[in-house]
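Take the sequence shown: its letter number 155 is residue 136 in my numbering, and every next letter is one higher.
Be a bit skeptical, because a hint or two may be false.
No farther apart than 27 angstroms at their CA atoms in a straight line, the calculated lysine-lysine pairs in the DSSO-like style are these [to be verified]:
hint, residue 1, residue 2
1, Lys253, Lys135
2, Lys68, Lys36
3, Lys227, Lys210
4, Lys255, Lys272
5, Lys314, Lys65
6, Lys135, Lys191
7, Lys(-17), Lys65
8, Lys314, Lys84
9, Lys16, Lys109
10, Lys193, Lys(-17)
11, Lys114, Lys68
12, Lys84, Lys150
13, Lys227, Lys314
14, Lys(-17), Lys36
15, Lys105, Lys135
16, Lys157, Lys318
17, Lys114, Lys75
18, Lys272, Lys105
19, Lys36, Lys274
20, Lys(-17), Lys105
21, Lys281, Lys193
22, Lys57, Lys314
23, Lys105, Lys268
24, Lys231, Lys193
25, Lys16, Lys119
26, Lys109, Lys191
27, Lys135, Lys68
28, Lys49, Lys84
29, Lys234, Lys268
Simulated DEER-style distance windows between Cβ atoms [what the hints assert, rightly or not]:
hint, residue 1, residue 2, range
30, Gly35, Leu145, 31 to 41 angstroms
31, Asp131, Glu69, 16 to 26 angstroms
32, Asp82, Tyr287, 36 to 46 angstroms
33, Pro276, Lys120, 34 to 44 angstroms
34, Gly286, Asp131, 14 to 24 angstroms
Bear in mind the hints are in silico, worked out from the structure with no lab data behind them.
Predicted model, so just to flag it, every value in this text is computed and none were measured.
Beta carbons are placed, not taken as given, at the ideal position from N, Cα and C, and that holds for glycine.
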Amino acid sequence: MKNNFDYIIIGSGIAGLTTALTLGDSGSVAIFTKKNPSDSSTNLAQGGMAAMIGKGDQADWHIEDTMKSGDFHNKKEAVSFLVKNSKEALFWLKKQGVLFDAKPSLEAGHRLPRIFHTTDFTGKDIEKNLLKKISENKKISLFKNSLAIDLIVKNNICQGVFVLIEDNKIVPFFSKAIVLATGGSGQVYQWTTNPEVVTGDGLAMAIRAKAKVADLEFVQFHPTAFKGKSSPLFLLSERLRGEGAKLVDKDGKQFVNELLPRDIVARAVFEKQKTSEVYLTMAHLDKKEIKRKLPNIYKKLLTHGYYLTHDRIPVTPAAHYQCGGVVTDLDGKTSVKNLFAVGEVARTGVH
């Protein structure tokens, strides 16, 4: 088995796959994923992508909305970089085959519609198309059921990674650049929307390699996970509230502005749960439009015995996104030479 590549990427969500496709023309790339390639938070992501494309939008507005949602703890340089490159990123995904809805939607924390979806399972469509592109690139090797155990670091230089491969052997792989794209750590919590593979592996490896980390205390709890009996909980996307869904208590009374940033809404739900169950309702909205815009969520709730069009759906906050992580600059560089981090595992300063 070949164990030397120009680039090694650990993780197969949108961050890892995008990095692989970007590097695929400049050398050999290995992607290691602990189970199947589609076992990622990306594949479960329902919400869309914020991009400054709509008429009347301005970069300063998008930056201000993002800074406000981060309680101004985020780095303006990073937020500005994200906003100003959002249009190019969206168009790049379109070139990979992702078919976004024609019109952007409004979601919490945004002053106007700038969220682009592919119906209500945006992440699944992105993952599918990126994996297809990966399979067509002969320079990219994808290793499934391959668990990265530890980074190989000497004198603060990352040289590779130890991987537990499919036949239960631990094999060292070497590269001039190792990219952590391992996602978050949601499975640390009792209630999370993250899949079972999201156990903080990349963060742990980075800490053992003495890479700088920051803001690990900031974990975003999504305010509207379907209140089930076991994790991971099914997410009821931000888009529902963007389309007009209301949050109500046991008496059917609203208690919060549903379009406030997630952390504020999640805290409001948590406090209300001390005295009442909390429900999400779309019963006051057009039923045909709900089915058209949210077909997958509608079908999923039917399997639990709920009709999104007229039932009150029990919801609860659940761990959703790791805002802190491995400290990087805008190029993904960490404090360890040749080690990079992208996506949720990275602390870029955006969140």
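Structure-based check of all given hints:
1. For the proposed pair Lys253 and Lys135, the alpha carbon gap of about 51 angstroms is over 27 angstroms, so the pair is violated.
2. Between Lys68 and Lys36 the alpha-carbon distance is near 13 angstroms, which keeps this suggested pair within the 27 angstroms criterion.
3. Note on Lys227 and Lys210: the hinted pairing holds, with a Cα-Cα distance of about 23 angstroms set against a maximum of 27 angstroms.
4. For the hint linking Lys255 to Lys272, the alpha-carbon distance of about 32 angstroms lies beyond 27 angstroms, and the restraint is violated.
5. Distance restraint check for Lys314 and Lys65: the Cα-Cα separation of roughly 20 angstroms lies within the 27 angstroms cut-off, and the hinted pair is therefore satisfied.
6. Restraint check for Lys135 and Lys191: the C-alpha separation of about 11 angstroms stays at or below 27 angstroms, so the hint holds.
7. About 40 angstroms separates the Cα atoms of Lys(-17) and Lys65, which puts this hinted pair outside 27 angstroms; it is violated.
8. A C-alpha spacing of about 35 angstroms is found between Lys314 and Lys84, which places the hinted pair above 27 angstroms, so the restraint is violated.
9. For the given pair, Lys16 sits about 16 angstroms from Lys109 by alpha-carbon distance, which is consistent with the 27 angstroms threshold.
10. Between Lys193 and Lys(-17) the CA atoms are separated by roughly 31 angstroms; this puts the pair beyond 27 angstroms, and the hint is violated.
11. About 21 angstroms separates the Cα atoms of Lys114 and Lys68, which keeps this hinted pair within 27 angstroms; it holds.
12. A threshold of 27 angstroms between alpha carbons decides the hint, and for Lys84 with Lys150 the separation of about 49 angstroms lies outside it, so the pair is violated.
13. The straight-line distance between the Cα atoms of Lys227 and Lys314 is roughly 42 angstroms, outside the 27 angstroms bound, and the hint therefore fails.
14. Straight-line distance between C-alpha atoms of Lys(-17) and Lys36 comes to about 50 angstroms, which puts the hinted pair past the 27 angstroms bound.
15. The straight-line distance between the Cα atoms of Lys105 and Lys135 is roughly 38 angstroms, outside the 27 angstroms bound, and the hint therefore fails.
16. Between Lys157 and Lys318 the alpha-carbon distance is near 10 angstroms, which keeps this suggested pair within the 27 angstroms criterion.
17. Simply put, Lys114 and Lys75 have alpha-carbon atoms about 12 angstroms apart, close enough for the 27 angstroms limit, and the pair holds.
18. For the hint pairing Lys272 with Lys105, the CA-to-CA distance comes to about 18 angstroms; that is within 27 angstroms, so the pair holds.
19. Taken as a hint, the Lys36 and Lys274 pair is honoured in the structure, with Cα atoms around 22 angstroms apart against an allowance of 27 angstroms.
20. A distance of roughly 31 angstroms separates the Cα atoms of Lys(-17) and Lys105; the hinted pair therefore is violated under the 27 angstroms criterion.
21. For the given pair, Lys281 sits about 40 angstroms from Lys193 by alpha-carbon distance, which is inconsistent with the 27 angstroms threshold.
22. Between Lys57 and Lys314, the direct Cα distance comes to roughly 18 angstroms. Compliance with the 27 angstroms bound is thereby established for this hinted pair.
23. Pair hint Lys105 plus Lys268 holds up; C-alpha atoms about 24 angstroms apart against a cutoff of 27 angstroms.
24. Distance hint between Lys231 and Lys193 is unfulfilled; the C-alpha atoms sit about 46 angstroms from each other, more than 27 angstroms.
25. For the proposed pair Lys16 and Lys119, the alpha carbon gap of about 21 angstroms is at most 27 angstroms, so the pair holds.
26. Between Lys109 and Lys191, the direct Cα distance comes to roughly 35 angstroms. Violation of the 27 angstroms bound is thereby established for this hinted pair.
27. Between Lys135 and Lys68 the alpha-carbon distance is near 40 angstroms, which puts this suggested pair outside the 27 angstroms criterion.
28. For the given pair, Lys49 sits about 25 angstroms from Lys84 by alpha-carbon distance, which is consistent with the 27 angstroms threshold.
29. Note on Lys234 and Lys268: the hinted pairing holds, with a Cα-Cα distance of about 21 angstroms set against a maximum of 27 angstroms.
30. Distance hint check for Gly35 and Leu145: the Cβ-Cβ separation is about 46 angstroms, which falls outside the suggested range of 31 to 41 angstroms.
31. Between Asp131 and Glu69 the beta carbon distance is about 35 angstroms. The supplied range of 16 to 26 angstroms is therefore violated.
32. Taking the beta carbon of each, Asp82 and Tyr287 are about 25 angstroms apart, not inside 36 to 46 angstroms as hinted.
33. Take Pro276 and Lys120: their Cβ atoms lie about 37 angstroms apart, and the range 34 to 44 angstroms holds.
34. A hinted range of 14 to 24 angstroms for the beta carbons of Gly286 and Asp131 is inconsistent with their spacing of about 45 angstroms.
Hints 1, 4, 7, 8, 10, 12, 13, 14, 15, 20, 21, 24, 26, 27, 30, 31, 32, 34 from the list above are not met by this structure, while the remaining hints are.
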